[in-house]
Amino acid sequence: MRVELDNLTKSWDEVIGADSITLDIADGELVAFLGPSGCGKTTTLLMVAGIYKPTAGTISFDGQVVNEVAPKDRGIGMVFQSYALYPHMTVFGNISYPLRLQKLNKGVIKERVQTVADMMGIGDLLERKIAQLSGGQQQRVALGRALVKEPQLLLFDEPLSNLDARLRLTMRGEIKRLQEDLGITSIYVTHDQVEAMTMADRIAVMSKGVLQAYDVPEALYDRPKTLFVAAFVGNPPMNFFDVEVMRVNGDLRAKSDAIDLVIPHDRGEKAAAVDGKVIMGVRPEDVDVVDDASPAAEGLTLAGEAVVVEPLGREDLVGISINGVDLRVLVDKTRGVRVGDTITLVFNTSRAQFFDPETEASLLWA
Amino acid sequence: MTTVETAPPRPAAGPIPRSRQKMGRYFAYGFLILSIIPILVGYAWLIIATVSARTQGLLPKNAEGGIGGFTLSNWDFVFESAIWNAMLNSLLIAVFMVIGVGLASTSGGYALSRMKFAGRKTFLTGTLVLHAFKAEMLLIAIFFVLRFLGDIPIIGGFIGFNTVGGVALVMVALELPLGIWLMKGFFDNLSWDMERAALIDGASRFRVWWQIMVPQVRPGIAALSLFTFIVGWNAYLVPFTFTIGTKVANMPVFLNQLISDTAPVNWNLVAAVGLFQMIPLIIFFIFTQELLLNIYAGGSKGT
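In order, the protein sequences belong to chains W and G. Sequential numbering of the first sequence, starting at 574, is according to the working numbering. Sequential numbering of the second sequence, starting at 149, is according to the working numbering.
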């Protein structure tokens with residue numbers, strides 16, 4: 574099912590939950606709503622579900638405006654963070670509830686519940702009470718209940734937040750596989766950018782009720798249109814520096830008290846046009862730690878002191894201070910960086926991002 | 149000797165010696181027993197008195213002044229229809245109250261907890277303020293209301309002045325503020341998600357309330373029913389004020405009529421009737437004890 578949101582707005586008196594959200598979701602696509610808590614992603618989802626009435630704007634399913642359609646008539650299935658299972662019913666009672674409300678024949682209900690339960694790997698737990706299940710099993714029941722009525726649209730509201738890290742990883746893959754197999758259009762609300770990056774076909778990044786960006790994951794990562802997107806997408810997060818980009822002997826240089834780096838022309842032209850300071854962003858993986866600065870890295874090299882070393886297993890995340898300016902870089906573990914070491918850094922400025930400090934818009938992609 | 153001497157354990161730092169623990173426990177039990185003695189003595193007297201011709205202190209006495217004189221004649225009233233009539237009236241009031249208060253509080257509490265409507269806040273504070281009014285202050289006004297209700301054709305005969313229905317109606321009204329607030333509290337603790345899930349699954353708002361939400365607040369309904377039943381069963385002021393004669397008297401009013409007759413009061417008979425009135429409550433308590441403890445220990449089990 575195709576979903577279109579057009580200037581969708583929800584406000585309560587003074588508080589704005591979602592502000593003019595406009596986006597479209599193609600049939601069979603999985604779209605993630607990504608943002609910190611309170612950014613309006615769940616509000617938007619609940620409007621799509623029909624639980625909240627939009628203050629303004631429209632929601633369309635396959636071209637039909639559904640603003641006034643009751644939740645039960647929208648052909649949707651929803652999975653909640655708290656699972657929202659009915660504790661006084663068995664697993665069978667929970668999964669069969671939507672079908673029983675449709676007054677289907679008992680035999681049909683039994684068959685469909687069994688099929689879905691088997692698909693979710695809980696086929697032998699149907700007689701159990703909800704309280705007797707583990708968190709992962711409860712999540713499967715919730716998913717089964719959403720799928721059993723064969724919805725046109727699946728809504729996920731942070732479905733994995735209550736699971737432990739390992740289970741989250743397993744369920745992540747399972748949900749993605751299920752969604753692809755069944756081809757059901759899905760909206761997946763999460764605050765976990767890794768979840769959004771790995772699962773979604775497209776990601777809608779939201780902040781303070783406003784849609785910041787809506788694009789495929791790679792584009793959000795490589796071509797962030799706003800400072801918020803650049804800061805929120807990517808783990809560990811991007812490093813930011815206040816610099817002034819100026820022309821020196823035909824080169825573009827990003828300069829501050831602590832920093833002086835050569836910037837390629839295709840990256841820095843627009844930043845150079847700005848009068849005064851801009852914000853430069855460099856991802857942790859775009860900074861190399863070297864033993865000695867090679868002459869080729871002239872103008873791309875800075876020295877700093879290791880302040881924090883966080884071993885991540887495969888590599889170390891090292892916090893470095895360059896004359897009081899902090900940044901974090903990923904360093905090969907074999908290098909054995911210790912706190913207090915002086916480190917030579919080579920910046921890959923051909924991947925640097927620039928933002929206007931006033932509007933927070935990108936000086937490359939906006 | 150090369151063993152290192154260790155200092156004896158000091159009470160403040162180390163574990164408390166067992167003998168001291170035991171003493172503490174004896175002390176606690178002793179204190180508890182002492183403090184409930186007045187009540188225990190009261191109950192003991194009540195039970196002894198019901199099977200004695202007369203009593204002196206806690207001792208049953210026979211005609212000669214010696215210990216003895218046990219009799220079941222105080223219990224003769226169980227063969228009279230008046231007591232059964234009073235009991236039926238008590239039961240009617242209590243059951244009517246449980247149903248009325250239960251239904252109104254469970255639906256009203258849900259609406260106040262979940263829905264937005266004009267006057268919601270005013271209503272909530274209003275009910276609290278109303279609850280502060282003692283029933284005694286309203287007696288005269290209620291009298292006029294009941295007289296008015298009695299004049300309504302057909303139903304007036306069931307809910308007017310001097311009817312069990314009228315008494316029950318007034319009792320329900322007086323109990324509602326507590327009931328609505330109690331049930332609102334239980335509904336407030338339920339997650340919205342469960343309700344939303346049911347709405348998406350295809351349930352109507354009424355069905356969500358009845359099939360999904362009400363089962364979650366069963367402990368609350370049980371507690372409210374129990375409290376309401378006791379209030380209805382022991383109701384005295386309202387039935388006493390708004391009923392005349394023995395036909396519509398409930399148990400407490402009947403008990404009072406035994407005392408206020410012009411003849412000398414037979415306290416042993418009063419004791420027997422009083423004990424008789426308590427029997428249903430005692431049975432009720434025995435069966436619901438575990439449930440009540442659950443409720444007191446922290447509301448609903450599970451989520």
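Among the hints, erroneous ones may be present.
Rough simulated footprint, nothing fancy, chain G against chain W, three-plus residues with beta-carbon under 8 Å [stated by the list, open to error]:
1. 619–628
2. 648–655
3. 846–853
Subject to a maximum C-alpha distance of 25 Å in a straight line, what follows is the list of computed DSS-like cross-link-like pairs (lysine-lysine) [said to hold, decoys possible]:
4. W:Lys626 with G:Lys264
5. W:Lys626 with G:Lys170
6. G:Lys332 with G:Lys264
7. G:Lys269 with W:Lys645
In short, the hints are calculated from the structure, not lab data. Virtual Cβ for every residue (Gly too), placed ideally from N, Cα, C.
Violating hint indices (sorted, rising) = 3, 5, 7
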